[in-house]
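A.B. asks: Going line by line, the protein sequences match chains U and Y.
Note that our numbering has the first sequence beginning at 41, numbered continuously upward.
Note that our numbering has the second sequence beginning at -11, numbered continuously upward.
It should be emphasised that the hints constitute simulated quantities derived from the structure, not laboratory data.
Just so we're clear, the structure is a prediction, and the values are computed from it rather than from any experiment.
Note that the Cβ used here is the ideal one computed from N, Cα and C, for glycine as well.
A portion of the hints provided could be inaccurate.
Unchecked claim - Derived contacts from chain Y toward chain U, CB cut-off under 8 angstroms, selection only: (1) 3; (2) 5; (3) 33; (4) 34; (5) 35; (6) 56; (7) 57; (8) 59; (9) 72.
Claimed, not checked - Just so you have them, the derived chain Y footprint on chain U, three or more residues with Cβ under 8 angstroms: (10) 111 to 120; (11) 269 to 282.
What follows is the residue order along each chain.
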Amino acid sequence: MAADIRLILFDSQDPVFHLSTLEAIWRQVDRAAAPETLLIRRLIPCVLIGGMQRARETVDLEYCRRQGMPVLRRPSQGGAVFLDRGCLVYSLVLSAGEVPEANPNDLFDRFRLSVVEVLQGYGISARPRHPNDIEAGGRKMAGLTLTQWYSVYSLSGTLLVKLDGPTLDRALGAKVSASLTSVEKELGREVDQKALAHDLARGLSRNFSRRYRLGDLLPEEKETARYLVAAKYGNDDWNRIEA
Amino acid sequence: MEGRKMRIEVLVAYPPTDKCRAVLEMAREAAASDPRLRLDIYESGSPPLIKPTAGWLKPPPNADHAKFKKIPSIYVNGCPLTCGEVPSREELMRLIEEQLKQEWQE
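Can you build the whole structure from these sequences, using the hints too?
C.D. replies: What follows is the structure in structure tokens.
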């Protein structure tokens, strides 16, 4: 039986460290120097633009600057996203050797189904929306992405738990929030995000037939993350926000 | 068709890993082996400085999801040669040879 998946929870994480941590895990799992990992975290308010985007075309940079809100480039493609403590960000980093049947589409569908089932367990009529989302009542609640990094599959998603629509719209310079919904909006009550994070872990564990246990970053991963902060995600040459 | 070059497109991580460096070394060697070849290197998550081929912009083989990219990826003439794996030098050269034998697109 495959080894347990390490569960790491972070709260109020700086987005530079958030991006660096995930890539540090990819790099170490690829070298078989770290265990497969489920990373669930909340971030301080920030905007992450897609790898192929120009920030000034998709973000109100002046507003973000006034608010002290970091704007960074993430490695994956897609549109700009506003993240804050009302959003759970979760990444499942798997070694391809542990999922030998791995068809990327199957992995992605299993990942998305896990989240859908958790939401349905809360009484939300969540369902997959092609190609990369989860919706409820016709509005997007979660977005997902898949990266293959050499021998590593990284499945990531964001789940809106509490939506700060006005700030999101100002940061992205567009009325985006009208097309979104959140867990709390659908339920009409507050939700314990830590409990929801553990429910996500249980749902993923069930669908991937893997147990999980709480853990922390290894010293080598922290060192790699610090390197990536300096060389990449905290570096203007990488982010090119003003370009 | 003077002036036309068959493009080798390589997607690697930034900063490159040891595996990336191995892929780049092989790709550079392949590109230098034939004057009909041109090498374009893309760094994951960074906008390409030149226009990729139409084939490169499509989702990789066996993937329905538009946000899915495999690192590394090597495309020749817009066709995926290898995605997510480091090919052997012999395999890469053989695949490029096969592509060179075929008509290529702009």
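A.B. asks: Against this structure, judge whether each hint is valid.
C.D. replies: Hints versus structure:
Below 8 angstroms, beta-carbon pairs count as interface contacts, and residue 3/Y has one with chain U at about 5 angstroms; its hint therefore holds. About 6 angstroms separates the beta-carbon of residue 5/Y from the nearest beta-carbon of chain U, less than 8 angstroms, and the hint is met. At about 3 angstroms, the closest approach between the beta carbon of residue 33/Y and any beta carbon in chain U falls short of 8 angstroms, and the interface hint on this residue holds. Against a cut-off of 8 angstroms between C-beta atoms, the interface hint on residue 34/Y holds, since the closest Cβ of chain U lies about 6 angstroms away.
A hinted interface residue such as residue 35/Y counts as satisfied when its beta carbon comes closer than 8 angstroms to some beta carbon of chain U; here the least separation is about 5 angstroms, so the hint holds. A distance limit of 8 angstroms between C-beta atoms decides the matter here; for residue 56/Y the minimum to chain U is near 5 angstroms, and the interface restraint holds. The beta carbon of residue 57/Y comes within 6 angstroms of a beta carbon in chain U, closer than 8 angstroms, and the hint placing it at the interface holds. Because the closest C-beta pair between residue 59/Y and chain U is about 5 angstroms apart, less than 8 angstroms, the hint holds.
For the restraint placing residue 72/Y at the interface with chain U, the shortest Cβ-Cβ distance is roughly 4 angstroms, inside the 8 angstroms limit, so the hint holds. With a cut-off of 8 angstroms between beta carbons, the stretch 111 to 120 of chain U has 6 residues touching chain Y; three or more are needed, and the interface restraint holds. Counting residues of the stretch 269 to 282 of chain U whose CB lies closer than 8 angstroms to any CB of chain Y gives 3, which reaches the minimum of 3, so the coverage claim holds.
In this structure, none of the earlier numbered hints is contradicted; all agree with it.
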